[in-house]
Amino acid sequence: MTAITPTASSPSLLARARAWLRDSQIPPVYGILVIIFIAAILLDAVFGIDDQLFIFNQTILTNILVRSVALGIVAVGQTFVMLGASIDLSVAYMISVTAVGASYLMAGDPGRVWWTVLVLFGVGLLVGLVNGLLVGRLKINALIATLGIGLILRGLLNATFENFAGSVPASFQSFAYDTIGPLPISVLVLFLVVLAGWFVLRRTKYGAHLYAVGGSEEVARLSGLRTGRVLVVAHMICSATAVLTGLFVVSRLRAGAPWVGTDGLYDLESIAATVIGGTALSGGKGGVWGTLAGVLIFSILDTMFNQIGIDAYMKQILRGAIIILAVGFYTFRSRAEQG
Amino acid sequence: MAESFLTEATTTTTAAPPPPAAPAADIAPVLAVQGISKQFPGVLALDNVSVEFYPGEVHAVVGENGAGKSTLMKVLAGAYRPDSGTILFDGAPVVFNHPSEAQRAGISIIYQEFNLLPERTVMENIFLGREPHRMGLIDYGKLEENTRAVLKRLEAENLISPTTVLGTLSVAQQQVVEIAKALSYDAKVLIMDEPTAALASQEVAVLTTLVRRLQARGIAVIFISHRLIEVFELAQRVTVLKDGQKVGTALTKELSMGKVVEMMVGRVLSDYFPERARPEDIGEVALRLRGAGNEALRDIDLELRAGEIVGVAGLQGSGRTALAQAIFGVEPFRAGAMEIDGRPQLFHTPRQAIRNRFGYVTEDRKHEGLTLKQPINDNIMLTLRSLQRKLTRAFRNGTGGDRDLALELAQRVDVRAPSMEREVQFLSGGNQQKVVLAKWLATGASVLIFDEPTRGIDVEAKASIHERIRELARAGAAVLMISSELPEVIGMSDRIIVMWDGTIAGHLPAGSSEAEIMHLATGQSELRVTSDE
Numbered sequence: 001m002t003a004i005t006p007t008a009s010s011p012s013l014l015a016r017a018r019a020w021l022r023d024s025q026i027p028p029v030y031g032i033l034v035i036i037f038i039a040a041i042l043l044d045a046v047f048g049i050d051d052q053l054f055i056f057n058q059t060i061l062t063n064i065l066v067r068s069v070a071l072g073i074v075a076v077g078q079t080f081v082m083l084g085a086s087i088d089l090s091v092a093y094m095i096s097v098t099a100v101g102a103s104y105l106m107a108g109d110p111g112r113v114w115w116t117v118l119v120l121f122g123v124g125l126l127v128g129l130v131n132g133l134l135v136g137r138l139k140i141n142a143l144i145a146t147l148g149i150g151l152i153l154r155g156l157l158n159a160t161f162e163n164f165a166g167s168v169p170a171s172f173q174s175f176a177y178d179t180i181g182p183l184p185i186s187v188l189v190l191f192l193v194v195l196a197g198w199f200v201l202r203r204t205k206y207g208a209h210l211y212a213v214g215g216s217e218e219v220a221r222l223s224g225l226r227t228g229r230v231l232v233v234a235h236m237i238c239s240a241t242a243v244l245t246g247l248f249v250v251s252r253l254r255a256g257a258p259w260v261g262t263d264g265l266y267d268l269e270s271i272a273a274t275v276i277g278g279t280a281l282s283g284g285k286g287g288v289w290g291t292l293a294g295v296l297i298f299s300i301l302d303t304m305f306n307q308i309g310i311d312a313y314m315k316q317i318l319r320g321a322i323i324i325l326a327v328g329f330y331t332f333r334s335r336a337e338q339g
Numbered sequence: 001m002a003e004s005f006l007t008e009a010t011t012t013t014t015a016a017p018p019p020p021a022a023p024a025a026d027i028a029p030v031l032a033v034q035g036i037s038k039q040f041p042g043v044l045a046l047d048n049v050s051v052e053f054y055p056g057e058v059h060a061v062v063g064e065n066g067a068g069k070s071t072l073m074k075v076l077a078g079a080y081r082p083d084s085g086t087i088l089f090d091g092a093p094v095v096f097n098h099p100s101e102a103q104r105a106g107i108s109i110i111y112q113e114f115n116l117l118p119e120r121t122v123m124e125n126i127f128l129g130r131e132p133h134r135m136g137l138i139d140y141g142k143l144e145e146n147t148r149a150v151l152k153r154l155e156a157e158n159l160i161s162p163t164t165v166l167g168t169l170s171v172a173q174q175q176v177v178e179i180a181k182a183l184s185y186d187a188k189v190l191i192m193d194e195p196t197a198a199l200a201s202q203e204v205a206v207l208t209t210l211v212r213r214l215q216a217r218g219i220a221v222i223f224i225s226h227r228l229i230e231v232f233e234l235a236q237r238v239t240v241l242k243d244g245q246k247v248g249t250a251l252t253k254e255l256s257m258g259k260v261v262e263m264m265v266g267r268v269l270s271d272y273f274p275e276r277a278r279p280e281d282i283g284e285v286a287l288r289l290r291g292a293g294n295e296a297l298r299d300i301d302l303e304l305r306a307g308e309i310v311g312v313a314g315l316q317g318s319g320r321t322a323l324a325q326a327i328f329g330v331e332p333f334r335a336g337a338m339e340i341d342g343r344p345q346l347f348h349t350p351r352q353a354i355r356n357r358f359g360y361v362t363e364d365r366k367h368e369g370l371t372l373k374q375p376i377n378d379n380i381m382l383t384l385r386s387l388q389r390k391l392t393r394a395f396r397n398g399t400g401g402d403r404d405l406a407l408e409l410a411q412r413v414d415v416r417a418p419s420m421e422r423e424v425q426f427l428s429g430g431n432q433q434k435v436v437l438a439k440w441l442a443t444g445a446s447v448l449i450f451d452e453p454t455r456g457i458d459v460e461a462k463a464s465i466h467e468r469i470r471e472l473a474r475a476g477a478a479v480l481m482i483s484s485e486l487p488e489v490i491g492m493s494d495r496i497i498v499m500w501d502g503t504i505a506g507h508l509p510a511g512s513s514e515a516e517i518m519h520l521a522t523g524q525s526e527l528r529v530t531s532d533e
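Same order as they appear, the protein sequences are chains A and B.
Numbering-wise (my numbering), the first sequence opens with residue 1 and increments by one.
Numbering-wise (my numbering), the second sequence opens with residue 1 and increments by one.
The shape of chain A in the complex, shown without the other chains (with noise of 0.2 Å):
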């Protein structure tokens, strides 16, 4: 990775630089990050089917960022839940629901909007605390008890919707595309939410816990620590993210139907994204920067697939592949450490 470090022209500078990245915390996949960055740019060369690369137009760019906005956001309550050593396969649901729910009753009326958003934020924490509890309290596996909170909250989505229903007013739309400048707005929430959840994870006692929690359950119960209370607002947070994300697809979307979350992959891909930023699949280590790298680096990809005009099965292929490889490339990595 540090030899990418533009600086590193003699061993001794590439020794500095390495000990410099070690110590910086800058997470590893940062590394992945930039490699993928140049890979793209170089594939775009050799292979883009328009003339010019992609790194020089600005609407290609924005859109790498605002790909990231809707995996992005709920990725980093997804970090949140793992990081306290549980998982939330029912994200997916949670955005359909949200994206249904907010355009049946916006229904079109910009009048609607804040009260229809409070109320999805709402559902979304009511969601959060049964997942919680179910994890943190009666200690039910994460991956169960989640997974099936989704299916109940698809199968209530499907009882009741079958497609589109309503519609986002306009005035709402300007969520996802509406710029300060030349900075989309959701960009800008994407950006708000990463600082938060580093500044949660990082500065309050909360995020210690959470780390402790993930940790070792039995050090944080020993400790004195309401390990399941942890836990249950973890699981808040992660579904009040799905919540967030959801709004900004029905806002992309105009209308929600039941399917967009699930279509979307967010529950695994969150997942993804999570692991390949660094955060342990077992929980107490990783971060929301290294997620958000994970984020930007399947955006990346996608672009850069549309770029060289790579067909959408191919993508799914070569997606699961760098998967693989970041993740083994970790564990490569720590291995190396410890010996």
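The hints are simulated quantities; they were obtained by calculation from the structure and are not laboratory data.
Treat each hint with caution, since some may be false.
Said to hold, decoys possible - PhoX-like, lysine-lysine: derived pairs with alpha carbons at most 25 Å apart:
hint	chain 1	residue 1	chain 2	residue 2
1	B	Lys373	A	Lys139
2	A	Lys285	B	Lys142
3	B	Lys242	B	Lys253
4	B	Lys259	B	Lys242
5	A	Lys139	A	Lys205
6	B	Lys152	B	Lys188
7	A	Lys205	A	Lys285
8	A	Lys139	A	Lys285
9	A	Lys205	B	Lys142
What the hints assert, rightly or not - If you want the ones that stay clear, here's a sample from chain A, every Cβ over 12 Å from chain B, calculated:
hint	residue
10	Phe164
11	Ala312
12	Lys315
Here the structure is a predicted model, which is why all the values come from computation and not from measurement.
Just so it is clear, CB atoms sit at the ideal spot from N, CA and C, and this is done for glycine as well.
Position chain B relative to chain A; hints supplied.
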């Protein structure tokens, strides 16, 4: 039987516990249990036990595995609620529903497996759950300051930095962090479960100093230990438990080790160690190392003969375990030569070693030696099955044939369990170790490496393990036995090698003294080199 060892102090509160922290006759116990019983399914773990603990005393609780020591500690620390009986803290009856309640009241416990987070810093560990904060935000400056203050009370402020990530510290340093954590709760009572088990001898000295400092602060230190030498060095009083009942509490200065063992096992253990090998029992060189080394080792010259037990002594980090792992192909040698039965052969993987009839009983049987959730017979057959080339044979044997073999091996090493289907996680440490032993017997291993074969195992099972190891040697196996317990090395070995700083510091004959071993183990020039050849 053991009544004669009881002092007045245990039966009446008027008599004084001993010096150096001798409280006056009117000093009240800080913590006392009266008539505590605790029933588990199938076992009465504690049966009407009463003990008193005084401020400033070091009180050891000893007993075989299953005697009820750990249960008693957990009752004191609030992890278990007793079925009957009272706990008096500062003279008043208390009920703890959760360890954190006991901890806040001033009773801290340090378990054998540390309750620390390796990914977090020292200060975050010590003040976990009690971080100084303003409106939910951690005040890191104050956190560091408070941590320094606590470390200072242990005079360890120069030893450990508050901002170090815990996982980078040594085991001994982590233990200091654990003690600092306990101290930060203003503990009046500190309970330690096998505090020396993971420490090398020189680290035990550090712990001893720390315990004395705690004692000087008037803290009652209660500890469980299997190492009687340390019990006698550290403790003023000792309580012996057996089968959930208290055998007695006595001043250590009025007891001998032999008597404590007698109280623990209920009989006299006349002979701790089996007889050594006679010269005619010792055969050909089974393993020879010449100038062998890797990242952790250098210049290892060693010969191991069939029929002998070679003890490996050395401090933690001296390369003892690295040597075992290098021979066995876990972290292979990168330099020098290794010969097996006279032909050059280096193992690059454990599988290769096992194929060549090597066996390795690791120091961490729970993680490296056993699959805890599997039954006894599957554990015993694990390695053998993996060696069988033909899948069909493995299947056929899996149903009938090798169950009989597993049973036979289990009987040979005297595994005590209600059924071969019992998951090994429910066995005592001694029985678990016997299962590991049986696993290597199954492969017919002819060179066996033992790393801490009796760590955390009670006295009686220990003797049984020792006997089994000697039997293996008598049957022609070459045995390399690593141990931190010098009496074990001295008692078991036909020859002793002492390691220091990644190499062999010297060879000693059978029956060398602890002083001779420690001299070499602490890196002082070779005291004397005896000729093996």
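Each hint, compared with the structure:
no., hint, in the structure
1, Lys373(B) with Lys139(A), "20 Å, holds"
2, Lys285(A) with Lys142(B), "24 Å, holds"
3, Lys242(B) with Lys253(B), "21 Å, holds"
4, Lys259(B) with Lys242(B), "14 Å, holds"
5, Lys139(A) with Lys205(A), "23 Å, holds"
6, Lys152(B) with Lys188(B), "18 Å, holds"
7, Lys205(A) with Lys285(A), "16 Å, holds"
8, Lys139(A) with Lys285(A), "21 Å, holds"
9, Lys205(A) with Lys142(B), "13 Å, holds"
10, Phe164, "42 Å, holds"
11, Ala312, "39 Å, holds"
12, Lys315, "35 Å, holds"
When the structure is compared with the earlier hints, no violation turns up for any of them.
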